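All chains, full assembly: derive it from the sequences and hints.
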Amino acid sequence: MADSNPVIDIESLSKTFGTRRGTSHLAIADISLKVGDGEFVSILGPSGCGKSTLLYIVGGFEAPSTGAVLVDGKPVAGPGPDRGPVFQEFALFPWKTVLGNVMYGLLEQGVDRGQATDRARELLAMVHLSAYGNFYPKELSGGMKQRVAIARTLAYRPKILLMDEPFGALDAHTRTRLQNDLLDIWERDRKTVMFVTHSVEEAVFLSDRVAVMTRSPGRIKEIIPIDLPRPRKRAELLVNRRYQDYVVEIERLMELPPEEAQAS
Amino acid sequence: MKRIADIPGFPPLMACIGLLVFWDLVARYLAISGLPPAWDALKEVPVILADPEQLLNILSSIRRMVIGFFAALVFAIPVGLLMGRSRAVAAFFNPLLMTIYPVPKAALMPIIMLWLGVGDVSKILVIFLGVSLPVIYHSYQGARAVEQKMLWSAAAMGMGAPARLLRIVLPAALPEIMVGCRTGLVLALITMVTSEMIARQSGVGNILFNSLDLAQYGLVYATILIIGVMGFVLDVLFEKLREAVAGWAQPVHQIAVGSA
Ligand SMILES: Nc1ncnc2c1ncn2[C@@H]1O[C@H](COP(=O)(O)OP(=O)(O)OP(=O)(O)O)[C@@H](O)[C@H]1O
Ligand SMILES: [Mg+2]
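Heads up: the protein sequence lines correspond to chains A and B, in order.
Residues in the first sequence are numbered consecutively from 27, following the working numbering.
Residues in the second sequence are numbered consecutively from 5, following the working numbering.
It is worth saying that the hints were derived from the structure and are not from the lab.
Bear in mind that the values here come from a model prediction, so they are computed numbers and not experimental data.
Watch out, some of these pointers could steer you wrong.
Here are the simulated DSS-like cross-link-like pairs (lysine-lysine), alpha carbons at most 30 Å apart as the crow flies [stated by the list, open to error]:
id	chain 1	residue 1	chain 2	residue 2
1	B	Lys-153	A	Lys-122
2	B	Lys-153	A	Lys-164
3	A	Lys-100	B	Lys-153
4	A	Lys-100	A	Lys-259
5	A	Lys-247	B	Lys-47
6	A	Lys-122	A	Lys-185
7	A	Lys-217	A	Lys-100
8	A	Lys-60	A	Lys-122
9	A	Lys-60	A	Lys-164
10	A	Lys-217	B	Lys-153
11	A	Lys-217	A	Lys-259
12	A	Lys-164	B	Lys-47
13	A	Lys-247	A	Lys-164
14	A	Lys-60	B	Lys-244
15	A	Lys-122	B	Lys-244
16	B	Lys-153	A	Lys-185
Spelled out as structure tokens, the structure:
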């Protein structure tokens, strides 16, 4: 699936950052990855291995040092509404209400106010926040903020979702609920998703494939296809032998090898 | 039950009355020639306000202050925001600002008067300079602190860089900008008076320093009272404005109290 006409085609991507000491620091090295249409791919790896960097380059927020990213065959030159980001920090617009936030991208794209309002309300219903349209971000809990952020991104119908530890700042219970919600939403319109996480269970539960990265400088160590039936139910998966095997296999991959993180 | 201290405006009112009583007693007891009792000063306030010439003086002060203040905002907010988002712009303006910052703006007054005369322009320019610096500084800090991910989210929606400055950086930095404006407002009042002290021609400062020369101390203190009340009223009005445009940035409980 991923090989025929990939939606995202990452070709030997490297990124070098300059440091304050005048040296340069290789964050990711020679990453190649193809993501197929409607595929859900998770990126796992130790902290600092370059997962966010990879996602930001696909988003067009950062430029690669070498290599290229093609989306639908065209090289990425900057951010665009075909790739919707969701960040761990929510990044809501605090001066806008919840409804205003969700409508923002639509108005930006020239959708008229009435239509944008309807669509925004629809999305708020989808993330179970219909009653909170007039609230300001400050007045919401972390989990609610992330729901708003997801609705805000989904509103303008990006073809690709780029999610950087979207549930990383949430408590375990909220996290589980949002994982279920995300899967429900994804089952409905099968967007292409790149999903960065630290949680092996989360990656296995959500993904079609899990890419495990090495320590800094990040390379792709292994890509594991997750062959579990959909739609997935968390309670069923937890007692599923294959699910458990995947988790154990990937945990093992993440542990090895215990080499030192390299700083330059 | 509502406590008496919770009635809005009550504690500051008590503080004012307390201060006036204290002043009155001290002045009467010590009988210093330069310090009239509070009551004598208070009696002069309506005298000043009823005198059309003095009223005109006060109004021309306010007019200069308003012009200088708003001109400063129009200049300082964009400069501060651009400095906050572009290293090149910051590097360009920083040495300039660092040089001007420690100079008391009123001290520039004599030089400015040499160029521009003793009229309105000089005074407005001094007010403008006084207000600009804190507003630039706070706009700069506000713009710098804008979360990168917020800008990226907007960029992903298809918003270009100039639009982001206007529609993301400006509103996101607004609470901080308002802090600068508040400081600017106080400085506008101060530079207004000091500029008139140096270029005496009209204005509140003119009344103040002329009556000082004539040893009319009741009038001097009455003018000080008027300036003080002006500052207080401006501050209250400004707080209302701040709440209207940047109320979203307040902590949750304050919003709840405000709407109760
Ligand atoms: N703007 C930057 N300037 C310099 N170095 C950077 C920058 N952004 C990232 N790096 C470096 O690149 C490497 C990868 O960072 P990145 O944030 O992509 O890691 P990550 O895998 O997302 O980590 P985490 O799991 O902790 O979020 C790190 O060593 C980091 O120090
Ligand atoms: Mg990261």
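Structure-based check of all given hints:
1. The hinted pair formed by B/Lys-153 and A/Lys-122 meets the criterion: a straight-line CA distance of about 16 Å does not exceed 30 Å.
2. Our distance criterion of 30 Å between C-alpha atoms is met by B/Lys-153 and A/Lys-164, whose separation comes to about 17 Å.
3. Annotation: proposed proximity of A/Lys-100 to B/Lys-153 holds, straight-line Cα distance about 24 Å (limit 30 Å).
4. With a CA separation close to 36 Å, the supplied pair A/Lys-100 and A/Lys-259 exceeds the 30 Å bound.
5. As the CA atoms of A/Lys-247 and B/Lys-47 are separated by approximately 86 Å, the hinted pair breaks the 30 Å bound.
6. Taking the CA atoms of A/Lys-122 and A/Lys-185, the gap is near 25 Å; set against the 30 Å cutoff, the hint holds.
7. For the hint linking A/Lys-217 to A/Lys-100, the alpha-carbon distance of about 18 Å falls within 30 Å, and the restraint holds.
8. Between the alpha carbons of A/Lys-60 and A/Lys-122 the distance comes to roughly 37 Å, so the proposed pair goes past 30 Å and is violated.
9. Pair hint A/Lys-60 plus A/Lys-164 does not hold up; C-alpha atoms about 38 Å apart against a cutoff of 30 Å.
10. Distance restraint check for A/Lys-217 and B/Lys-153: the Cα-Cα separation of roughly 22 Å lies within the 30 Å cut-off, and the hinted pair is therefore satisfied.
11. Straight-line distance between C-alpha atoms of A/Lys-217 and A/Lys-259 comes to about 19 Å, which keeps the hinted pair within the 30 Å bound.
12. For the proposed pair A/Lys-164 and B/Lys-47, the alpha carbon gap of about 50 Å is over 30 Å, so the pair is violated.
13. Our distance criterion of 30 Å between C-alpha atoms is broken by A/Lys-247 and A/Lys-164, whose separation comes to about 40 Å.
14. Distance hint between A/Lys-60 and B/Lys-244 is unfulfilled; the C-alpha atoms sit about 55 Å from each other, more than 30 Å.
15. Restraint check for A/Lys-122 and B/Lys-244: satisfied, since their Cα atoms lie roughly 19 Å apart, inside the 30 Å limit.
16. For a cut-off of 30 Å, the pair hint linking B/Lys-153 to A/Lys-185 stands: about 20 Å separates their Cα positions.
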